[in-house]
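Please arrange chain B with the ligands on chain A, whose structure you already have, making use of the hints.
Line order of the protein sequences matches chains A and B.
First residue of the first sequence? That's 1 in our numbering, and the numbers climb one at a time after it.
First residue of the second sequence? That's 309 in our numbering, and the numbers climb one at a time after it.
Where hints are given, some of them may not hold.
[Stated by the list, open to error] In the BS3-like style, the derived pairs of lysine-lysine whose C-alpha atoms are separated by at most 25 Å in a straight line are:
id : chain 1 : residue 1 : chain 2 : residue 2
1  : A       : Lys118    : B       : Lys524
2  : B       : Lys555    : A       : Lys218
3  : A       : Lys118    : A       : Lys82
4  : A       : Lys299    : B       : Lys504
5  : B       : Lys539    : A       : Lys272
6  : A       : Lys82     : B       : Lys524
7  : A       : Lys194    : B       : Lys504
8  : B       : Lys415    : B       : Lys310
9  : B       : Lys504    : B       : Lys310
10 : A       : Lys82     : A       : Lys56
[As the list claims (entries may be wrong)] Quick look at which bits of chain A chain B covers, simulated, 3 or more residues with Cβ under 8 Å:
id : region
11 : 31-44
12 : 59-70
13 : 88-102
14 : 110-122
15 : 177-190
16 : 265-279
Rather than coming from a laboratory, the hints here were simulated on the basis of the structure.
Small disclaimer: the values here were computed from a predicted structure and weren't measured.
The beta-carbon is built from N, C-alpha and C at its ideal position, and this holds for glycine as well.
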Amino acid sequence: MTILVIAEHDNSSLKPATLNTVTAASEIDGDIDILVAGSGCQAVADAAAQIAGVQKVILADHTCYEHQIAESMAPLIAELGKSYSHILAAATTGGKNFLPRAAALLDVDQISDIIEVKSADTFVRPIYAGNALATVQTEDAIKVITVRTTAFAEAEQGGSASVEASDFVAEQTMATFIEEQLSESERPELTAAKVIISGGRGMQNGENFVLLEKVADKLGAAIGASRAAVDAGFVPNDYQVGQTGKIVAPELYIAVGISGAIQHLAGMKDSKVIVAINKDEEAPIFQVADYGLVADLFKVLPELEQAL
Amino acid sequence: MKILVGVKRVVDAYVRVRVNSDGTGVDLTNAKMAINPFCEIAVEEAIRLKEAGAADEVIAVSIGPQAAQEQLRTALALGSDRGILVETEEEVKPLAVAKILKTIIEKEGIDLVILGKLSIDSDNNQVGQMLAALCNYPQGTFACKAELQDGKIAVTREIDGGEQTVQLDLPAIVTTDLRLNEPRYASLPNIMKAKKKPIDSTTPAELGVDITSKVKTLSVAPPPERTAGVKVESVEELVNKLKTEAKVI
Ligand SMILES: Cc1cc2nc3c(=O)[nH]c(=O)nc-3n(C[C@H](O)[C@H](O)[C@H](O)COP(=O)(O)OP(=O)(O)OC[C@H]3O[C@@H](n4cnc5c(N)ncnc54)[C@H](O)[C@@H]3O)c2cc1C
Ligand SMILES: Nc1ncnc2c1ncn2[C@@H]1O[C@H](COP(=O)(O)O)[C@@H](O)[C@H]1O
Numbered sequence: 001m002t003i004l005v006i007a008e009h010d011n012s013s014l015k016p017a018t019l020n021t022v023t024a025a026s027e028i029d030g031d032i033d034i035l036v037a038g039s040g041c042q043a044v045a046d047a048a049a050q051i052a053g054v055q056k057v058i059l060a061d062h063t064c065y066e067h068q069i070a071e072s073m074a075p076l077i078a079e080l081g082k083s084y085s086h087i088l089a090a091a092t093t094g095g096k097n098f099l100p101r102a103a104a105l106l107d108v109d110q111i112s113d114i115i116e117v118k119s120a121d122t123f124v125r126p127i128y129a130g131n132a133l134a135t136v137q138t139e140d141a142i143k144v145i146t147v148r149t150t151a152f153a154e155a156e157q158g159g160s161a162s163v164e165a166s167d168f169v170a171e172q173t174m175a176t177f178i179e180e181q182l183s184e185s186e187r188p189e190l191t192a193a194k195v196i197i198s199g200g201r202g203m204q205n206g207e208n209f210v211l212l213e214k215v216a217d218k219l220g221a222a223i224g225a226s227r228a229a230v231d232a233g234f235v236p237n238d239y240q241v242g243q244t245g246k247i248v249a250p251e252l253y254i255a256v257g258i259s260g261a262i263q264h265l266a267g268m269k270d271s272k273v274i275v276a277i278n279k280d281e282e283a284p285i286f287q288v289a290d291y292g293l294v295a296d297l298f299k300v301l302p303e304l305e306q307a308l
Numbered sequence: 309m310k311i312l313v314g315v316k317r318v319v320d321a322y323v324r325v326r327v328n329s330d331g332t333g334v335d336l337t338n339a340k341m342a343i344n345p346f347c348e349i350a351v352e353e354a355i356r357l358k359e360a361g362a363a364d365e366v367i368a369v370s371i372g373p374q375a376a377q378e379q380l381r382t383a384l385a386l387g388s389d390r391g392i393l394v395e396t397e398e399e400v401k402p403l404a405v406a407k408i409l410k411t412i413i414e415k416e417g418i419d420l421v422i423l424g425k426l427s428i429d430s431d432n433n434q435v436g437q438m439l440a441a442l443c444n445y446p447q448g449t450f451a452c453k454a455e456l457q458d459g460k461i462a463v464t465r466e467i468d469g470g471e472q473t474v475q476l477d478l479p480a481i482v483t484t485d486l487r488l489n490e491p492r493y494a495s496l497p498n499i500m501k502a503k504k505k506p507i508d509s510t511t512p513a514e515l516g517v518d519i520t521s522k523v524k525t526l527s528v529a530p531p532p533e534r535t536a537g538v539k540v541e542s543v544e545e546l547v548n549k550l551k552t553e554a555k556v557i
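Just chain A, same shape as in the assembly:
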């Protein structure tokens, strides 16, 4: 068996999500190759070659892959993927966008968001916003899979894979990249952070997120939010934690002014330790919290900042 892992990167650096995906691949038990598709991304290929357990890096370096547009990525993955038993990508918005397209080109189903590898053809994945875990088996000749990164540790460094160039070019004109607006932050990325403090509708407005930021500064934490807080415009969309936002599993998750709807829990209930601060003692978030503080957040956040 040979497994193709699609690297997640921004043309200059390899994203940690790739390392989690490699670990999932290593549990399938086969040789692992990594595809780095991008533009001017030699450095990424070099970084990928150092991941322990990787046999070969395939570098597809061409302007058509610069933004990893699905219309170019899918034909490339489908073409290279033909000679593999498994194709894996992280279940990030990147992988979720291009991998199903590649699966359809290969005429196979995709198994989304796996959290466990049972065997080379059997995997566990959450359904119904994590309220059930399905064990699924596939007889497809090529198994196309996205991986929930929080469920797998990061692969170690120490490899010395060869880097091979692919000259497959998938230029197309039906989809054109126009622009990207990336939120800039000095804080750790939500999906990689060890500590996360999230605010919900209870924060009342965007300015009040300063209260969370001050605590986050003390803890070196990332800041997240509920859908209600994002919808109300308090914070940008990429702060959203949940079924349809980011899935996180930090050492410590602090939910502030968040009620704990099913869809929010789906994104954070695998955190190691959960703290909830909410003035309503009946809030469902307390049912999953290790430590609950029934209090007004405007009173306790400044206290928390002081105490740290």
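Showing chain B with the ligands alone in chain A's frame:
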């Protein structure tokens, strides 16, 4: 311009589902069923385009049991012009859903397809992307904004780091994210009117699509339960416990 929207019948988003006793699936007996929330957003977007004069017809399609008629009626009450029910009692996997939708696109001559980004029951997030591949159309997934301009559509997408805008030739496939719009409620007169709108029925077999999948669900289990911990009385006690008991700070 003709728009096709996908409308999936799913358990209501606020129902807390439980795994059934034999571990084969979840227990949906008497559970409230609804239009998949992302499909509702798709319907709303299509209707807005029609109201703005950019589209002539909105066709809603659902693949599912006879009862999925209810969700099609809702889509009609919201403003879709007609419905297509592709009836089957079986669970249809994303690749087969995409194949079915492709036959409808070919038959109806569709310029724009708007689907949800995700079914909240099976949590797949695949159909739109697969359909785009099968039709060789461009895709604008996880859309929070979509604008028609000079025979193209500009789609702003919610991505992990922020937002990305792509411009797509038509026909195109768009999948909706939560913030694309806020769906309206169906008014009583519109619910009445919807009863007279046509729903055509067909089956996957009639459309020539084999819906068997090579992916089988072996078992379904509840997730590990998290039990409620303790309530602390003060910030001081909280910080103390995080330091000495949980050792996470
Ligand atoms: C298809 C679908 C997908 C969804 N996806 C997501 C998702 O990915 N992520 C997500 O988060 N949600 C998601 N939701 C929305 C989810 O159902 C909830 O509506 C949302 O999580 C509620 O956000 P909230 O807890 O901030 O707001 P609310 O439910 O309004 O809760 C606010 C809480 O703040 C508390 N509060 C208010 N003031 C104070 C104060 N001064 N001090 C302390 N506490 C205070 C209140 O007691 C309350 O518990 C989704 C919904 C649907 C239908
Ligand atoms: N059975 C179905 N009938 C109609 N549309 C569907 C069906 N299944 C999926 N879709 C469409 O595809 C979107 C994404 O679904 P999925 O890939 O299953 O998460 C949904 O929001 C629907 O718009």
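Verification of the hints:
Between Lys118(A) and Lys524(B) the alpha-carbon distance is near 14 Å, which keeps this suggested pair within the 25 Å criterion. Restraint check for Lys555(B) and Lys218(A): satisfied, since their Cα atoms lie roughly 16 Å apart, inside the 25 Å limit. For the hint pairing Lys118(A) with Lys82(A), the CA-to-CA distance comes to about 23 Å; that is within 25 Å, so the pair holds. Under the criterion of a C-alpha separation no larger than 25 Å, the hint pairing Lys299(A) with Lys504(B) is inconsistent with the structure, at around 57 Å.
For the suggested pair Lys539(B) and Lys272(A), the alpha carbons sit about 17 Å apart, so the restraint of at most 25 Å is met. With a C-alpha separation of about 22 Å, the suggested pairing of Lys82(A) with Lys524(B) holds against the 25 Å cut-off. This hinted pair does not check out: Lys194(A) and Lys504(B) have alpha carbons roughly 56 Å apart, beyond 25 Å. Annotation: proposed proximity of Lys415(B) to Lys310(B) holds, straight-line Cα distance about 12 Å (limit 25 Å).
Distance restraint check for Lys504(B) and Lys310(B): the Cα-Cα separation of roughly 20 Å lies within the 25 Å cut-off, and the hinted pair is therefore satisfied. Proposed proximity of Lys82(A) and Lys56(A) is supported: the alpha carbons are some 16 Å apart, at most 25 Å. Remark: the region 31-44 of chain A is not confirmed as covered by chain B, as 0 of its residues place a Cβ nearer than 8 Å to a Cβ of that chain, below the required three. For a cut-off of 8 Å, the count of residues in the region 59-70 of chain A with a CB near a CB of chain B stands at 3, and the three-residue condition holds.
Counting residues of the region 88-102 of chain A whose beta carbon lies closer than 8 Å to any beta carbon of chain B gives 10, which meets the minimum of three for the stated coverage. A count of 5 residues in the region 110-122 of chain A with a Cβ less than 8 Å from any Cβ of chain B is obtained; the coverage claim is therefore met, three being the minimum. Counting residues of the region 177-190 of chain A whose beta carbon lies closer than 8 Å to any beta carbon of chain B gives 7, which meets the minimum of three for the stated coverage. Given as covered by chain B, the region 265-279 of chain A passes the check, having 5 residues with a CB less than 8 Å from a CB of that chain where 3 are the minimum.
Taken one by one, the earlier hints fail for this structure at numbers 4, 7, 11, listed in ascending order.
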